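Listed here are the chains, written in short residue letters.
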Amino acid sequence: MSTTDTREDVATPPGTADPLLRISDLAVDYRVKHRGWSPAVRGVDLTVEPGELVSLVGESGSGKTTLIHGALGLLPTNALVRRGTIAFSGVDVTGWNDKRMSLVRGNYVGYIPQDPNTSLNPVKRIGQQVIEAVRFNEPRADRTGRRAAAHRAAALESLQTAGLTNVERVFDQYPHELSGGMKQRALIAIALAGQPRIIVADEPTSALDVTVQRRILDHLVRLREDLGLGILLVTHNLDVALDRSDRILVMQEGLIVEEGPVRTVLEHAKSPYTRRLLAAAPGRRGRLEPTSGRRAAPDETPERPTPNVLEARGLSKTYRLRGPGRHGLAALDGVDLDLREGTTHAIVGESGAGKSTLASILVGFTTADQGIVRLGGRDLTTVDRRQLREIRRDLQFVFQNPFTSLDPRFTVSRLIAEPLKAFGLVTDPARRTERVVELLAAVALDASYLERLPSQLSGGQRQRVAIARALALQPRILVLDEAVSALDVSVQAQILQLLVDLQAAYGLSYLFVTHDLGVVRLIADHVTVMKDGVVVESGSVDRVLTAPAHDYTRELLAAIPGSDPTPTSSRHDQRRTG
Amino acid sequence: MTIELHRHLPVETLPVEILPADPVRMPLSSRSPVSGAAGSDPSGDTGSARRRAVTDRLSDIARQPLLPASVIIVAVVIGWALVPQLFTSYGPYDGDPASSFLPPSAEHWFGTDRLGRDLFSRTVYGARTTLMATLLAVVIAFVIGTVVGLLAGFAGGFADTAIMRVVDVFLAIPSLLLAMVVVSVLGYSTQNIALAVGISSFAAFARVMRSEVLVVISSDYVKAAYGLGVRRPAVVLRHVVPNSLNSVLALAALEVGTAVLAVASLGFLGYGAPPPEPEWGLLVAEGRDFVAVHPWISIMPGVALALVVIATHRISASLRKDRRR
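Protein sequences appear in the order of chains B and S.
Okay, so the first sequence: first residue is 2 according to our numbering, each after it adds one.
Okay, so the second sequence: first residue is 55 according to our numbering, each after it adds one.
If you're looking for bench data, these hints aren't it; they were derived computationally from the structure.
Treat the numbers as computed from the prediction; the structure is a model and nothing was measured.
Ideal Cβ placement from N, Cα and C applies to all residues, glycine included.
Heads up, some of the hints might be wrong.
[Stated by the list, open to error] Sample of chain B residues at the chain S side, in silico, Cβ under 7 Å:
(1) PHE172
(2) TYR175
(3) LEU179
(4) ALA270
(5) ARG393
(6) SER406
[Unchecked claim] Every beta carbon over 12 Å from chain B, so not counted as near; a handful from chain S, in silico:
(7) VAL128
(8) LEU136
(9) GLY149
(10) PHE208
(11) MET218
(12) ILE227
(13) LEU232
(14) GLY241
(15) LEU282
(16) PRO329
Okay, chain S solo, but in the shape it has when bound:
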């Protein structure tokens, strides 16, 4: 059969009109971006290689300008929680009636409250309560979620369906509401807040863990382990769990920010530590009555809280991006 498909395009129909107008076309090599620095050798001499490595790192930072700032913020706040006395000379409970309601100044960075207590000092000391509760909450959510997800993914069938429907119920209830119910049942305290926030956020961990487990148990290397005569518990502990945890750990980093916010919210509502404890949510709540006249009492701890949440989210996002690469 002859095919009439080909009425060949003449070469002139190639877009010649957009060829560069200048008669002397530069050879490609002289236009390549690194040839000026490295010559024809791709690896380059050591000096320019080092220069390029530095440039690379700088450009990485330029692409994620908030990352170093986020790391610094989180590091400082962890410092507050560990050794608060290094960061402030005032005690968190030391009131001075003569200096109440002072606005932020060189003397009192965050200003003072109704009783003349230094707000910066209370924020620094409060970091420990808030961060401990957050950490505990995330650990609880991580452990419960991982175990539940592992069971569901590994058991499969009816057990999987049953477990995951319960998890769906937990996902359906707004987590703050759920946490409030749990604290109401257990009693008001910072530990119970941590427990409540943990319970109300385990569902996300369970979902991620289950889907990772499903991928891993259908992989060849798990099949191979069975084929080699490895017993079930050993397969789960040595192959399934370690290979499933990656994504769950990235989620944990993300959950830290959310948990800080949840812990502070419950503190703000009065479910947590009683006054005069310097818990961040409570600090914000204490300034509530004076917002119109002395706004810094609520704003300064609130800004600290917001910065920590944003910073942890930023770090978690860059962790996930690194994993994808």
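Next up, chain B with everything else stripped away, as it sits in the complex:
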């Protein structure tokens, strides 16, 4: 250990000193009630050198969070480290108890948690929370001498380093007064407060909008360069990893299946799983084509445009806010929309853009203050509840989260049969089951799923069931509200392909609400970009994505991970040679 004085060797090329973090052959099991142990991490090696950004990529359930919790000694009590060692700069911390690990955490390794909206204490001011981190992590020798003023100065400095401007004000604010991006910066400040040498960030941006995500990631990269930190970035988004990191590790079912520098992984991926992930990443593909062949949608010409199946004119909606001195919040302000028959129209925007409000007005869940929605000659905004129910046969909705949109007590067959029963379409039980099996087949599930409960299905399977249910009434229009956002990329790709195939088979029209421009490129024909309740830009996908007319569209496009043609490689080379 005496050889590892790394005070001056930040610039030392890797290999001569111990890495900041070395995990060797780590295996972690979770206790499964009455059924013994189930492995989550099955022997993983990982190193992070000073000044290096290493990404750990994997889908949900791959064990990436368990791995880093194991490295930080944050595993829950039902987890067991079966074997392996963890060393920080050569100091073996394997098996240290919580009290001793707490001397490493904060001081030596800073941790940035996943969701900024739940990771700050809502009843404490930001400043206090940073000061807490400063105080607990100062070296023991200093602990007596320092005064409150010094703590405050250190906390302010830390907030500044985390990229916040106007730190004096943020210092005295509560978490609910900050935006998501600012909260994430406050968390970065807390992680930096102990002056760590390595930062472990667990999905630091997955809860944030793309443009905010881009700024936060840019800042992390800058911190690495300015402070010589090692960064271990855990993410499910392969494009984020490819854009930013020096090295990538791909994790699947508790094992590292791919490891190497970005360019190598990108160009010569060894593992089939990595290749599948690369293929599924929406950032690097063109329009999806139906597996059956050509699209059913008629090619439109300027002279003879396809007729609209759904159109909205001048939709406005204002939410009244409670509390003194507050006025209405304009969620929508004069929005027009055309959905052409047999095509997909995407609505894109960041959180708060009003796109979900728009979708729920279009299907009649919410009423608009002003404006009309026309579906096949009828004005949806004026019909009563009975007429709306009839219209629903043509207009179906798929929710964002398949974990909440299916009644947990219903079996798959009951779920899909429900609309059939509600409209009395198929009364004979045997025929109804037949129809349910047909619908399941349409979404590539077989009859063995009939008696399962939603809790026995994966996220992708649930969303397939939700789509099958929406198709049961043979609607002409499907409104999909962030229908693939809660799913892993590879599952997302399958569902998108399924949607494209169904469109070709049944001539459906889709209204696709999403925050992800990458997805838009895959399936949409037309796109409407929204910001703060107003349509910023609207037009064909080809036109809007290649020649955006509005600055905001350009900003969104630039923020898509993987959009930069020569991402890390050039930066990487400069750093290595310079």
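Let chain B serve as the given structure and place chain S on it in line with the hints.
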């Protein structure tokens, strides 16, 4: 900009002094608790897996030692209520003046009362009256509370406010007092006690039901059902009610204990079955005059009552804990 934040801590400031002193550090695997039994395979061979399953169950029981005892107590008392003649050879009304005021013995487990009736036998036969009244009370409270809570939660707006303020009034009045008023109005009998206890405790059910209904009707799957064209009554019956009932059922288990106590209290005060009915509250009351000299007449039925209340609470608590998991 250059940032002077980082005066890096040398590695030596890591708490090396608390590293174990022994030079040969044991590898982690040999210290893991199960590796001795299961080797490196986490699932283990079948023998040790079965052993571990048994150990798990035993440790569960060790963590909740009162649970099996509670289940046994409740089962025995239900047995008393269903087939009392299996548990005692004495009749509940058969007095023997020669053997009055006998203390508990092998012959008379709970002793005898003023008229020489066997107290154990009277407690066993009394279980039926008391438990029937309790069950009826809980069912009444459950049904009224669920319906009221469902209406309030589903209607919303002014109706919700109006209904819940009435419920608040019921919550504000001490339930025993309310039950006494209701029995006084309806007349003294065990059925009326049950009705009174039910009415006086429905408010808690209504509150829980309303809050559950509010959660469920704002859920995506209820919205989805409307979107699929399912009519309102069907949505309520198929989605809202079944998904709201979980917490209310757990509350019902808890209320059983409270209701036993309320029924017995009213019996003790003389609002229930007239003597010589062997109702538990009445049994305790009958020993009141002799507490100084023959305390077992009140104590033995009282202990039975207390055990049932504690046991049902224990079971209900473990039910709620299971649901949380």
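Hints versus structure:
| no. | hint | result |
| --- | --- | --- |
| 1 | PHE172 | violated (17 Å) |
| 2 | TYR175 | violated (25 Å) |
| 3 | LEU179 | violated (22 Å) |
| 4 | ALA270 | violated (30 Å) |
| 5 | ARG393 | holds (5 Å) |
| 6 | SER406 | holds (4 Å) |
| 7 | VAL128 | holds (25 Å) |
| 8 | LEU136 | holds (32 Å) |
| 9 | GLY149 | holds (54 Å) |
| 10 | PHE208 | holds (16 Å) |
| 11 | MET218 | holds (20 Å) |
| 12 | ILE227 | holds (33 Å) |
| 13 | LEU232 | holds (36 Å) |
| 14 | GLY241 | holds (43 Å) |
| 15 | LEU282 | violated (4 Å) |
| 16 | PRO329 | holds (49 Å) |
The structure does not agree with the numbered hints 1, 2, 3, 4 and 15 stated previously, though it agrees with the rest.
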